[in-house]
Amino acid sequence: MAHADEAAIFNKDEAKVNWHDKALWFVRNKRDNAAHTVKGWEELRNLASGIKANVMSNLDNYLIQFEENAQKNGVTMHWAANAEEHNQIVHAILLKHKVEKVVKSKSMLTEECHLNPYLEAHGIEVVDTDLGERIVQFAQEPPSHIVLPAIHKTKEEVDTLFQKHLGTKPSNGDPQYLTNEARKHLRDKFLKADAAITGVNFAIAETGGVVVCTNEGNADMGTHLANVHIACMGMEKIIPQEKHLGVFLRLLARSATGQPITTYSSHFNKPAPGTEMHIVIVDNGRTEQLSRDDFRASLHCIRCGACMNTCPIYRRSGGHSYNATIPGPIGSILSPGMDLKKHSSLPFASTLCGSCSDVCPVKINIHEQLYKWRQIITKEVPQPVVKKSVLKMAGSVLSSPKLYGIAGKSARFMLKYAPRFIVYSKLNAWGKARELPEVKNGNFDEWYKKRQKNEQ
Amino acid sequence: MSSRASILKAVKTNKPALIPLPEINLGFFDEDIDLVETFIKNVQFVGGRAFVLQSVSDIDTQIKSLYPHAKQIISTATASQLGTVSISEATNPHILESIDLAIIHGALAVAENGAVWIAENDIVLRVLPFITNDLVLLVSKETIHLHLHSAYEAIAKRDRTFGVFLSGPSKTADIEQCLVIGAQGAVSLTVLIL
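In order, the protein sequence lines correspond to chains L and F. The opening position of the first sequence corresponds to residue 1 in my numbering, with each subsequent residue numbered one higher. The opening position of the second sequence corresponds to residue 457 in my numbering, with each subsequent residue numbered one higher.
Simulated from the structure, these hints should not be mistaken for lab results. Be a bit skeptical, because a hint or two may be false.
[What the hints assert, rightly or not] Using 25 Å as the maximum straight-line C-alpha spacing, the simulated DSS-like pairs for lysine-lysine come out as follows:
{"id": "1", "chain 1": "L", "residue 1": "Lys243", "chain 2": "F", "residue 2": "Lys527"}
{"id": "2", "chain 1": "L", "residue 1": "Lys39", "chain 2": "F", "residue 2": "Lys597"}
{"id": "3", "chain 1": "L", "residue 1": "Lys184", "chain 2": "F", "residue 2": "Lys527"}
{"id": "4", "chain 1": "F", "residue 1": "Lys471", "chain 2": "L", "residue 2": "Lys270"}
{"id": "5", "chain 1": "L", "residue 1": "Lys270", "chain 2": "L", "residue 2": "Lys96"}
{"id": "6", "chain 1": "L", "residue 1": "Lys39", "chain 2": "F", "residue 2": "Lys497"}
{"id": "7", "chain 1": "F", "residue 1": "Lys497", "chain 2": "L", "residue 2": "Lys30"}
{"id": "8", "chain 1": "L", "residue 1": "Lys72", "chain 2": "F", "residue 2": "Lys613"}
{"id": "9", "chain 1": "L", "residue 1": "Lys243", "chain 2": "F", "residue 2": "Lys597"}
{"id": "10", "chain 1": "F", "residue 1": "Lys471", "chain 2": "L", "residue 2": "Lys363"}
Okay, chain F solo, but in the shape it has when bound (with noise of 0.2 Å):
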C-alpha cells in the first residue's frame, strides 16, 4: 500500500464522529470605528509609516521627499512615474537584487492589522516587495477594510496565483528579543493613502 493510502486508511479508522463545522458570525467583530485612522495608527505600530495625500499628483512628489537618494526604481503602479527600471514576467528576478525602491498598487488595505493585500499582477515578478530595499504602497481610501474577514471576502474571487498581506518593513528581534528594522525583505516600508 502506498504511503498516501495507508495515511489516508489510518485517518479514516482513526478519527473521530464528524464534528460540525462552526458558521463564522460577523456580529461579534462589529465596530463603529474610523478605518484610515485606525489603518494608520496600524501600519506605524507595525514599524511602517502611513500618509493620506489628497490628489494623485501629490504621490510623486512626496514619494521623492521621502526617498530623495533612491536611483533604481520600479514602479508597477500607473500613478506613479517615477520608474527608471522596467521589468516585465520574463525578467530574471535575481536582477531585482540591486533595486532601491519598488512602488506598488496595493489592491486592498485592513485596518485592524496595517496589513496591505498585494497581488500578483500587480507586482509583475513575485520577488519584488520583499527584495527591493524600500518599498511603497498605494492604497485607495475606499479599499480599507475593518477586519481581515471581511478583506477575505474582498478577495475570495480572485484568480489564485500568489499574494501576501503585507504589514509593515521587515523585522526581527531573534538577537536577545531588541526589534531590529530590516531583516531579509525591504528595510522601510510607506504606505500612501489616496
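Looking at chain L on its own, in the form it has when it is part of the complex (with noise of 0.2 Å):
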C-alpha cells in the first residue's frame, strides 16, 4: 500500500494524530534548546559531515583496520553480504554456545534482517530489552520510530498489553508502574540469558572497539551478565579514531532527544575474561547506495530520529505508514535503494520543506535526496493514471502565462461560486479535511499592476 493510503489509516484517530503531532514536536523543541546551548554546534555538524564523508571515500580501509585491531582485542569478526547471511552468523554463533535465551538491546540492523523472526524459529527465545521495543514486541508490531519505538502506543493501550503478557493490574495506564512491571520482568530475563546481542552506535577503525548509547542501560545489563556478546553493525557505523567520538556523541543525543549525552555511552573493547564478544559487519545493499553519487551521503546516518521528529509529514502520519524498516525523512531516502518498487511512494511523502536537513547532525541534503529519488520513480516506476494526467495538464498550464490566468481565475470564480459539495467532493484533494481559503478578489499580479499604475 501507498504511504498515503496507510496514512489515511493513520488519520482516522484525530485525537491520536493530534497527540502524536505535538509529542514529536515537543522532543523537536528540545532538540532546539539543546542544539542553543552548545557553542560551536554549527561547527560540531560540519565536522561531522566531514568525517562521515572521509570515511566513505576510504571505507574498505577503514574496515579493514577495524577488524584487524579488534581481533587484537580478542573480538571474532564476522561478514555477512546481506540480511539472511547476518541472521545465519547470530544464529551459528548461538548454535555453538547451545543458547536457548537471547536478550537484545535496540538495533535497528537486526530489525531490517528480521533477526527475531529467525531465531524463534530455530526455537530461541528473543527478549527486546529497550522498554519501547518491548511493548511493540508484544504488540508484535516493527517500532515506528528508531529512537522512541512505542510512540504510536498510548499509555491505556501499554496498560493492557503489559496486563496480558506480564500480568499487570489495571494501571489507567500510570507510566512509573508500568516501567517498574518491565524493569523486574526484564531483570528475570537479563539473569536468565545465555547471550546478548546489540547494535552497534560508533565502530572505531583505530581502536577495534565499538560504542553503544542507551538510556535505559539495558545494552549493559545483557551484555555484562552473559557470557556472549554479538554486535551487528551496518557497515557505514566506522569512524576513524576515538577522538572522533567527541563530536558524534555531543551530536547525538541532543539531536535525537535534548539530553547532553545519553545515560551510557559504553565503550567495549575487549571481552571480559571468560567470555566471548563477536563483531558482524553486514552489508546489505549498503555498498550499492555507496555508489550511487546523489544519494550516498544517506549512509551517513547516525539514527537520533531528529528528522522525524521535525517533519510536518512524519508527525501527522506515523512511523507504520512507511512500510519500511526506518521510518521518516531518512528511511525514505533510504528505501528506495533497497527497494525502489515497494518504496516507490516514500520519497513523496513531503513537502520538501527541508526542515529535516536543517536538523540533521550530520547535515544529509535528505529534502534533496527526496526530489532525486523523485526524478527517478518517475522514470521507474509506472505512476497512477490521474497523477500523470494531471501533472501533464499542470506542465502545460504553468509553462504559459496565459493558460495560468485562465487557471487562476476559473479557479477562484469556481471556490466563489460553485456549490460546497462541488468544492469539497472526492476530486478535490485539497478540499480533504480542511477549509479551503476565502476568495479575495483579483489575483497578486492584477493587484500589483494596479499598484504600479498608483505609483506613476
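Mind docking these for me? Both chains are given alone in their own frames, and the hints should help you get the complex.
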C-alpha cells in the first residue's frame, strides 16, 4: 500500500494524530534548546559531515583496520553480505554455545534483517529489552520510530498489553507503575539469558572498539551478565578515530531527545575474562548505495531520529505508514535504494520543506535526495494515470502565462460560486479535512499592476 | 569469494575519490565557564544530584544520610569504608542482583553533559554500575573537563577494555513520552565532588 493510503488509516483517529504530532514536536523543541546551548554547534555538524564523507571515501581501508584491531583485542569478526547471511551467522554463534535465551538491545539493523523471527523459528527466545521495543514486541508490531519505538501507542494500550503479557494490574496506564513492572520482568530475563545481542552506534577503526548508547542501561545489563556478546553493525557505522566520538556523541543525544548525552555511552574494546565477543559487519545493500553519487550521503546517518520529529508528514502519518524499517525522511531516501518498487511512494511523503536537512546532525541533504529519488521513480516506476495526466496538464498550464491566468481565474470563480458539494468533492484532494481559503477579488498579478499604475 | 572479500571489493569499486579527514579545531568550542557549577547543573538536568564536599571524611557521612536504608553495599572506591559486600574479578556477576548501593570512583567528569567516565579497573565487575539499585560516584574537582573533546584526550592513553560515560540515572520515556527514572539500570545517581 502507498504511504498516503497507510497515512489515511493512521489519520482516522484524529485525537491520536494530534497527540502524536504534538509529542514529536515537543521532542523537536527539546532538540533546539539543547543545540542552542552548545558553543560551536554548527561547527560540530560540519565536522561530523566531513568525517563521514571521509569515511565513505576510505571505507574499505577503515573496515580492514577496524577488523585487525578488534581481532587483536580478542573479538571474533564476521562479515555478512545480506540479511540472510547475518541471521545465519548470529544463529551459528548461538548454536555453538547452545543458547536458548537471548536478550537484545535496540538495533535497527537486526530489525532490517528480521533477526527475531529467524531466531524464534529456530526455537530461540529473543527478548527485546528496550522498554519501547518490548512494548512493540508484545504487540507484534515493528517499531514506528527509531528512537521512540512505541511512540504510536497510548499508555492505555501499553497497560492492556502488560496485563496480558506480564499479568500487571489495571493502572489506567500509570507510566511509573508500568515501567517498574517492566524493570522486574526484564531483570529476570537479563539474569537468565545465555547471550546478549546489541547494535553498534559507532565502530572505531583506530582502536577496534565499538560504542553502544542507551538511556535505560539495557545493553549493559545484557552484555555484562551473559557469556556471549554479539554486536551487529551496518558497515557505515565506522568512524576513523576515537577522538571523533567527541564530535558524534555531542551531537547524537542532543539531536535525538535534547539530552546532552545518553545516560550510558559504553565503550567495548575487549571481551571480559571468560566471555566471548563477536562483531558482525553487514552490507545488505549498503555497498550499492555507496555507488550512487546522489544518495551516498544517506549512509552518513547516525540514527538520531531528528528528521522524523521535525517532519510535518511523519508527525501526522505515523512511522508505520512508511512500511519500512527506517521510517520518516531518512528512511524515505534509504529505502528506495533497497527496493525501488516497494518503496516508490516514500520520496513523495514530503513537502520538501527541508526541515529534515536543517536539523540533521551530520548535514545530510535529505530533502534534495527526496527530490532526486522522485526524478528516478517517475521514470522507472509506472505512475497512476490520474497523477500522470494531472501533472502533464499542470506542466502546460504553468509554462503558459495566458493559460495560468485563465486557470487562476476559473479556480477563484469556482471557489467563490460553485456549491460546496462540488468544491469539496472527492476529486479535490486539497479540500480534504480542511476549509479552503476565502477568495478575495483579483490576483497578485492584477494587484501588482494596479499598484504600479497608482505609484506613477 | 568470501563475503568479506566481496564486500571489500565492492566498497573499493563503489567508493568516491578520497575526501580528506577534517581536523578538529578546539578553538570553536572553548568557553570560559565555571566547570564545577556547569557540571552540577547538568547532572541535575539529567536526573541526578551532585554535591561538593569539603573533605574525604565527609563522604561516608553524606552517603549514609542520602541512603540510610542501603544494606548490601559494594564500595570499589578506597575513599569510602561503607562496603558490606566484597567482590573480585572471580565473583559471579549474577549475585550483584541484590546490591542496594555501589560506591565507585570516577576517573574523570565532563561539565557539558554531566557525564562521569568509569573505567573497568574502578568497578571490578563490568555490570556493577548498572545492576546496583542506587549509585554513588566520587569525582575529583580537578578532573572535570569542559567538553567531551578534552575528556577523550585525557583517556586516550588508557588500557582499552571496557569503559562507560555515565550521565544520570537510568531512564526512559517510552510510555507516552512520560519521563520515568529507573528503567533497567540504577534508579538514582549521586555524584560527590571533592
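Evaluated hints:
no., hint, verdict
1, L:Lys243 x F:Lys527, "violated, 40 Å"
2, L:Lys39 x F:Lys597, "holds, 23 Å"
3, L:Lys184 x F:Lys527, "holds, 20 Å"
4, F:Lys471 x L:Lys270, "violated, 30 Å"
5, L:Lys270 x L:Lys96, "holds, 20 Å"
6, L:Lys39 x F:Lys497, "holds, 17 Å"
7, F:Lys497 x L:Lys30, "holds, 17 Å"
8, L:Lys72 x F:Lys613, "holds, 17 Å"
9, L:Lys243 x F:Lys597, "holds, 23 Å"
10, F:Lys471 x L:Lys363, "holds, 19 Å"
Comparing the model with each numbered hint stated earlier shows that hints 1, 4 do not hold.
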